[in-house]
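Asker: Guided by the hints, dock chain B with the ligands onto chain A, whose structure is given.
Protein sequence lines, in the order shown, are assigned to chains A and B.
Under my numbering, the residue at position 205 of the first sequence is numbered 205, and the numbers go up by one with no gaps.
Under my numbering, the residue at position 327 of the second sequence is numbered 327, and the numbers go up by one with no gaps.
For the record, the hints were derived by calculation from the structure and aren't laboratory data.
Because the structure is a prediction, the values reported are computed rather than measured.
Quick reminder that beta carbons are idealized off the backbone N, C-alpha and C, glycines included.
Accuracy of the hints is not assured; some may be wrong.
[Claimed, not checked] Taking lysine-lysine and the DSSO-like style, the derived pairs with C-alpha atoms no more than 30 Å apart in a straight line are:
#1 A/Lys-224 / B/Lys-166
#2 B/Lys-49 / A/Lys-237
#3 A/Lys-72 / B/Lys-170
#4 A/Lys-169 / A/Lys-231
#5 B/Lys-397 / A/Lys-72
#6 B/Lys-49 / A/Lys-76
#7 B/Lys-369 / A/Lys-115
#8 A/Lys-146 / B/Lys-397
#9 B/Lys-22 / A/Lys-72
#10 B/Lys-170 / A/Lys-101
[As the list claims (entries may be wrong)] Now the stretches of chain B that chain A is said to cover, found in silico as 3 or more residues with beta-carbon under 8 Å:
#11 56–63
#12 195–204
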Amino acid sequence: MSKPKVAFFDFASCEGCQLCVLDLHPEQLLDLLNVIDIVEFREAISEKADTFDIAIIEGSITRESDIPRLQKIRDKAKILIALGACAHIGGINALKNFQTKDEYQEAVYPTAPQKYETSHARAISEVVQVDAFIPGCPIDTNEFIKVVKNLVLGKKPGLPDYPVCMECKKNENVCVYELGMQCLGPVIRAGCDARCPSNGGYCFGCRGLITEPNLHSQKDIIQKYNLTYEKMMDKFKLFLERNKEVFPK
Amino acid sequence: MSKDVKIDIQHITRVEGHGNIKIDVQSGELKECKLEIVEAPRFFEAMLKNRHYDESALITSRICGICSVGHVLGSLTASEDAFGIKISEQEKNLRCLMNIGEHYESHVLHIYFLAVPDFAGAKSVLPLVNTHKDVVVRALKLKKLGHEIGNMIGGRLIHPTAMRVKAMTKIPTPEILHDIIHRLEEAKTELKKDIGILKTFIIPNFERETEYISLYKYGEYAFLEGNIYSSDIGETSYKNYLDITNEYLVDHSTAKRAKHNRKSYMVGALARFNNNHQWLSEDAKTIAADLGLKAPCYNPYMITIAQFVELFHLADEGIKAAQSLLDNGVELENRKFTIKPGRGIGAVEVPRGILFHDYVYNDQGYIQKANCIIPTGQNLQNIEDDFRALVPTILDKSKEDISLMLEMLVRAYDPCISCSAHILNVEFE
Ligand code: SF4
Ligand code: SF4
Ligand code: SF4
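Isolated chain A, as found in the complex:
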């Protein structure tokens, strides 16, 4: 069997996820190159490919003019993977969607607000069909390898579907609510080893909601810790604007 050809593409993003892809141990890189053939990766190589089997896409769609490029990639790819929160759920890019286009254009380009084409930020799956995603802002390098290998072998991606809290408790952290912070861990997909609450932060939802989030449990938390509903929703704004369960429009 010949190795599948893999190509990377990016839209509106910080390229942090592609950098995480490059953050491999030498053995991991050689190992990965045994199962796939990287044919396009603008960050690291100059070649540009005409054909590929797997397209890995970083970034959100924020311009209509980017849609034909994305569709072309979709047409050529057998498997299309959304890489990271920007591609998977819109991520930080969608925070601007809470403002009108006039508002955000004027805030950044006061002298020529309409100079650059833009529109609301969207996840890749809102524009074309996505076959798998690798969550996170940024992604986890080991999870990237795992998902890609599984897909190459024709298996399911193999992502966990339980909340961050479970990993957090396993790490024996003091819940950050007790420290006066807010945390979205109860409804967010694990797999990051509760990276933020385990390292002095709180979960702000970069890996997206689990399949059956108990959004009502958040209400109990609000009561227990004397928080307002607005404050709670404000945290969801950071990464989850595109989620209809959280922000029905």
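Answerer: Here is chain B with the ligands on its own, set in the frame of chain A:
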């Protein structure tokens, strides 16, 4: 000379972000000379509006993956400037280590993955796995060291989780600090093995003197605090950063000459080296001399060499910082402080040059107005001015060679176009 050359490079590869180069020479005369930015704008300053001070670093770090620690440092410094917070020695040392982690990741990626293939005549680092495996393995390990320092000190290098206003929310154990010292020493030994390779690089013989701008603090090779220094006019308070950057923007839109009498300036490793070289560590100075890097250096292709030299200095700084943390003991700081309404400015050096964050807070600690000025944005006009100076001198070369030299020039600046897109009106005629 009656030479016609038309060059149109779409999506320059091996840089961060999307940019195009367009050159049009008719009968030996330069008609068009453009570095186009085609990256989608992301509107970060707008996103920051009405966000809490505790989120400003979290949001702005996502401007750019490769400079994420730099954005966090710029952001925290701006908030601390607004609230009148002085950070502790311990905090300075921990931030210094994070900054070193980021520079290792970024400089190593640039030197080995983006620049070396050009000099080795390869399209990427991948074919070098076969021809120069030891170098590739070394590069991956050195880059990984950056990530690992980030993980150990800040929870993660790309978008760190533990860096907060006033103080880190995580502290390293003595074992970790010993490990970092050991590995930075090892890194210097490893880097020395590649001096030979760097010496074989045929650096294009091109010089164009320009204005060099960097952070400046007497006695230090400044990264994390200080004023602004211009090789033309000397020191300016960081508070007046708009005098430097604004002039530049005005220059673009009205075509008026700025008072510096320059159209453009350079920021980044070579600007830092030119302005602050006397405060490099002894080892770094030796390496610079060995590689023929002498201040003032006017050859932009030497930026890569300046970055290599900085890796030695940074290793020495990191060893000092970790040692000081070991000597003085590390304990979790109490983060309490008072929020004050008002404006704060942060100026820091990130791998690609000086970065400014500028916020106005209300009395509840929510951002009312934000401005971020990114190094690549500051360099773009300078790159284009280099093009103008360079192209007429290389017209006798083939179109392929001219294209490669221009791409190499852009890559030498290590531009991070994904950062710059949202902030600058890049308009070349
Ligand atoms: S998901 Fe986060 S790390 Fe990845 S590209 Fe988007 S902003 Fe960057
Ligand atoms: S800190 Fe967050 S993730 Fe951890 S237990 Fe508390 S709510 Fe859950
Ligand atoms: S803890 Fe939450 S915000 Fe942090 S990496 Fe995990 S999912 Fe993302």
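Asker: All hints are to be evaluated individually against the structure, with a verdict given for each.
Answerer: Cross-check of the supplied hints:
Between A/Lys-224 and B/Lys-166 the alpha-carbon distance is near 28 Å, which keeps this suggested pair within the 30 Å criterion. Of the pairs offered as hints, the one joining B/Lys-49 and A/Lys-237 holds, with about 13 Å between alpha carbons and a cut-off of 30 Å not exceeded. In summary, the hint linking A/Lys-72 to B/Lys-170 is not supported, as the alpha carbons are separated by about 45 Å, beyond the 30 Å threshold. The suggested pairing of A/Lys-169 with A/Lys-231 holds, with an alpha-carbon distance near 24 Å, which does not exceed 30 Å.
Between B/Lys-397 and A/Lys-72 the alpha-carbon distance is near 36 Å, which puts this suggested pair outside the 30 Å criterion. Between B/Lys-49 and A/Lys-76 the alpha-carbon distance is near 40 Å, which puts this suggested pair outside the 30 Å criterion. About 21 Å separates the Cα atoms of B/Lys-369 and A/Lys-115, which keeps this hinted pair within 30 Å; it holds. Between A/Lys-146 and B/Lys-397, the direct Cα distance comes to roughly 47 Å. Violation of the 30 Å bound is thereby established for this hinted pair.
In summary, the hint linking B/Lys-22 to A/Lys-72 is supported, as the alpha carbons are separated by about 25 Å, within the 30 Å threshold. Restraint check for B/Lys-170 and A/Lys-101: not satisfied, since their Cα atoms lie roughly 39 Å apart, outside the 30 Å limit. Counting residues of the stretch 56–63 of chain B whose CB falls under 8 Å from any CB of chain A gives 4; the rule of at least 3 is met. Requiring three or more residues with a Cβ within less than 8 Å of a Cβ of chain A, the coverage given for the stretch 195–204 of chain B is violated, as only 0 such residues are present.
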